[in-house]
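Enquirer: Okay, here's what each chain looks like letter by letter:
2 protein chains.
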Amino acid sequence: MAKGASISGFPEWLPSERVVEQRVIDTLRKVFELNGFIGIETRAVETGASLLKKGETSKEIYLLSRLQEVGHESDTPIEERLGLHFDLTVPLSRYVVEHSGALAFPFKRWQIQKVWRGERPQEGRFREFVQADIDVIGAGDLPDHYEVELPLVMVSALEELRAYGLPKATVHANNRKLSEGFYRGLGLTDVEGVLREIDKLDKIGADEVARLLTETCGATEAQARACLELAELTASDGAELAAKFDALCESHGIAKDSEAYTLARQGLDTLAMIVDEAAAIRPGSVIADLKIARGLDYYTGSVYETFLDGAASLGSICSGGRYDNLASQGNRKYPGVGLSIGLSRLVSYMLHAAGAHANRVSPAAVLVAVWNEEDRPAANRIANQLRARGIATDVAPTAAKLGKQIKYADKLGIPYVWFPATAAEGAEGAEPAGDEVKNIVTGEQVAADCTSWEPDTVVAQQTVEI
Amino acid sequence: MAKGASISGFPEWLPSERVVEQRVIDTLRKVFELNGFIGIETRAVETGASLLKKGETSKEIYLLSRLQEVGHESDTPIEERLGLHFDLTVPLSRYVVEHSGALAFPFKRWQIQKVWRGERPQEGRFREFVQADIDVIGAGDLPDHYEVELPLVMVSALEELRAYGLPKATVHANNRKLSEGFYRGLGLTDVEGVLREIDKLDKIGADEVARLLTETCGATEAQARACLELAELTASDGAELAAKFDALCESHGIAKDSEAYTLARQGLDTLAMIVDEAAAIRPGSVIADLKIARGLDYYTGSVYETFLDGAASLGSICSGGRYDNLASQGNRKYPGVGLSIGLSRLVSYMLHAAGAHANRVSPAAVLVAVWNEEDRPAANRIANQLRARGIATDVAPTAAKLGKQIKYADKLGIPYVWFPATAAEGAEGAEPAGDEVKNIVTGEQVAADCTSWEPDTVVAQQTVEI
Chain A
1 MAKGASISGF
11 PEWLPSERVV
21 EQRVIDTLRK
31 VFELNGFIGI
41 ETRAVETGAS
51 LLKKGETSKE
61 IYLLSRLQEV
71 GHESDTPIEE
81 RLGLHFDLTV
91 PLSRYVVEHS
101 GALAFPFKRW
111 QIQKVWRGER
121 PQEGRFREFV
131 QADIDVIGAG
141 DLPDHYEVEL
151 PLVMVSALEE
161 LRAYGLPKAT
171 VHANNRKLSE
181 GFYRGLGLTD
191 VEGVLREIDK
201 LDKIGADEVA
211 RLLTETCGAT
221 EAQARACLEL
231 AELTASDGAE
241 LAAKFDALCE
251 SHGIAKDSEA
261 YTLARQGLDT
271 LAMIVDEAAA
281 IRPGSVIADL
291 KIARGLDYYT
301 GSVYETFLDG
311 AASLGSICSG
321 GRYDNLASQG
331 NRKYPGVGLS
341 IGLSRLVSYM
351 LHAAGAHANR
361 VSPAAVLVAV
371 WNEEDRPAAN
381 RIANQLRARG
391 IATDVAPTAA
401 KLGKQIKYAD
411 KLGIPYVWFP
421 ATAAEGAEGA
431 EPAGDEVKNI
441 VTGEQVAADC
451 TSWEPDTVVA
461 QQTVEI
Chain B
1 MAKGASISGF
11 PEWLPSERVV
21 EQRVIDTLRK
31 VFELNGFIGI
41 ETRAVETGAS
51 LLKKGETSKE
61 IYLLSRLQEV
71 GHESDTPIEE
81 RLGLHFDLTV
91 PLSRYVVEHS
101 GALAFPFKRW
111 QIQKVWRGER
121 PQEGRFREFV
131 QADIDVIGAG
141 DLPDHYEVEL
151 PLVMVSALEE
161 LRAYGLPKAT
171 VHANNRKLSE
181 GFYRGLGLTD
191 VEGVLREIDK
201 LDKIGADEVA
211 RLLTETCGAT
221 EAQARACLEL
231 AELTASDGAE
241 LAAKFDALCE
251 SHGIAKDSEA
261 YTLARQGLDT
271 LAMIVDEAAA
281 IRPGSVIADL
291 KIARGLDYYT
301 GSVYETFLDG
311 AASLGSICSG
321 GRYDNLASQG
331 NRKYPGVGLS
341 IGLSRLVSYM
351 LHAAGAHANR
361 VSPAAVLVAV
371 WNEEDRPAAN
381 RIANQLRARG
391 IATDVAPTAA
401 KLGKQIKYAD
411 KLGIPYVWFP
421 ATAAEGAEGA
431 EPAGDEVKNI
441 VTGEQVAADC
451 TSWEPDTVVA
461 QQTVEI
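Just so you know, the sequences run in chain order A and B. Going by full-length UniProt numbering, the first sequence opens with residue 1, and the numbers climb by one from there. Going by full-length UniProt numbering, the second sequence opens with residue 1, and the numbers climb by one from there.
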């Protein structure tokens, strides 16, 4: 990002970096729409009541106050105040309930928007960033095939970004019911607590997690070790997953006819379906990884995290899961499945570790030179002719020396400088000449007509290279 | 917008309405980039000090506080608190100064982003909305030809929106120096005050403005009437403008050799150039209209407002001007010219008065039917084949009765339903058949191969119609 962002945690891109971010956004949108997802944008604010209802981030909210209210903010209860949304899932749930009569269900939507986290300023933590989400929300029920399809849409979107240097992405899936059933089978009851500690595994390591499980979740040393054993379990197909899990249950005395096992088996069957069907469609894209816990408490079934090859330290770049109880209206529930890409962090990685960069700063392919200020109207006419044919064109800011105009084009990365006929005449002092255009990278200069000339396709468009 | 937005002033579009907004954004971006403008996005927050520096809206700011700070907000002086930006010009000025070393000047940028106004809730006032801005910022100086070119870029962008029902737009231009010179020539000294009252002309009428000019700006009845006479002056070319203005000066005893006239004449010459050059490039797009005042106090030269034919009550949809003193760094100034479209209000007008609407809610052109859940993998393969060829495709959510699946497609406006071969077999109970695709609008059903079939170009893409 732009060096020395003047407010910590609020990143801002330089123009050339923004080209990469914009390209990532455009690419994701294209893939989401190819898959039939409908784009929405929700307002940036929700009520405090809505923001505080769910989610681990509930403590990291920015509340708003009007300038006139300064000093009297506390007159309004927090629940009635407005705050900036901290994710796009809570706003979606509210939107779906509010507009349920106008939507067709299941409602598949994409949404790419900024979110805010009212954290203390810390090195490397964003307080404002962009998320790119897809979710599908059912009215009443939601078929489980979406738990296979949504991560695969994300995989195909991330696959498109490999052209811009992104390494291969693999979705690691787990299922809350599987974990919960296993923990209950062990005799543990604080399921949310165990999940919360297991979620810290990559950060603090197994020994520390074991200590926390015994100290805060009422686990014995043996129970804690069993939880860690489960977290070590991975599998790339359903049969392997079932075999490994059953062996683990047996070694910890969880009977197959127990309620706990039945619950776990429900989760396992869904997870097995996910990895098997994903393998059929896109081999190697989704694995079962039973350490995936997700801190957020609204997930009720599948949970996903996504890791890039060779970028373990980046952590998950795309996470989500199934949530059956986030939204409801009277007796009707709106279960959902969704995943969210942390887009700002992803773009930061692409720029700084993967070498993605804009081929030029300016969208213009051509800079029309201006020999004298009196020639500017003629230069503008040429520019408008080119633009009418879809060729992005700029006009020199001043009738400076040609060298200075070419330098301006060069600084913006504009590959062509156009010399209008009058300018060419002036330069040559010779008989009437036609327009000419120079590729300032190759130095090639040719006669050109603004009603028919085409730039070399390689440099015609602003794009992202690696 | 979606009826009954649950928080007053924070509009939210239904999916079909969002299609129109997205199309407007895409169209503006395309035109801005064709003209060589560079896209940036600034963070949503600025410091209180930066937000309070300039502009009439300085009283309508949302300040942020972290949840943990509730009750202690006032410990931090307002200048050091963070607030949401109320426009995109103040953030641009800050961005340019902060990153001046990394930018090429003149810096032409486009920016389409949400802004927030911390107003009291009022009927019809947006507290969150999208602005679409173009500005050019010079380092040290900025040629005045940009004062012609920027409004013309906006006109050509608005012209593109006429395909979606927008009426013809006309830019009304004025110049602060012209107004100031004239007021000073009359003997008035509170120039900002006079501009502020003149800005209310369309809202409260001439008599009320005259009253305010005498009561709050120290004007005599005659001076007030002279100000109103100036505000009535319009012209479509430079010669007409100069003739009318000189006649007015003469009738009010403003001598041509006075300092005041010299200042006014500077402004008049720029304004005359603008209308004449605009007339040469795009006749009828820009007129001189001397009642245009613009409330914001940072404008120093040209000011613009833009009105749609037959939509006077909508007011200006695109406003801006030249500002020479908004940004500086040491002795170096960064003068700018820019215009801003109030995009949310424009989209609201297009939807509700101009009849713009999406041809369908879903981006998908095809819904692949699912006869049995066992056929879903085959349906997914067909969908992926179509997507790989750029055809946006959805798959039926459940293996419901075909009628229900077609109804789902119909509700989303998806024009084609694809019947995979296995489904066709099941339906017919006959010999092996190939895939078929049905246009559910025309009822036409044909044999189709997902590796070669193309939708009718008329319905292939989601688009906006009138």
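Worth flagging that the hints you see were computed from the coordinates, not collected in a lab. A portion of the hints provided could be inaccurate.
Which copy is meant is left open, because identical chains are indistinguishable; a pair holds if it fits in one copy or across any two.
[To be verified] Think about it this way: if two alpha-carbon atoms lie no more than 25 Å apart in a straight line, the pair counts; the simulated SDA-like pairs of lysine to any residue are:
hint	residue 1	residue 2
1	LYS114	PHE10
2	LYS168	ASP375
3	LYS53	THR234
4	LYS438	GLY205
5	LYS407	ASP141
6	LYS53	GLU436
Enquirer: None of the hints should be skipped; say for each whether it holds.
Expert: Here's how the hints hold up against the structure:
1. LYS114 / PHE10: Intra 11 Å, inter 16 Å, cutoff 25 Å: intra and inter.
2. LYS168 / ASP375: neither (53 Å within a copy, 30 Å between copies)
3. LYS53 / THR234: neither (33 Å within a copy, 57 Å between copies)
4. LYS438 / GLY205: Neither. Shortest intra-copy (60 Å) and inter-copy (57 Å) distances fail the 25 Å Cα cut-off.
5. LYS407 / ASP141: Classified as between: cross-chain Cα gap 18 Å, same-chain 62 Å, threshold 25 Å.
6. LYS53 / GLU436: Answer is neither: 65 Å inside a copy and 48 Å across each miss the 25 Å cutoff.
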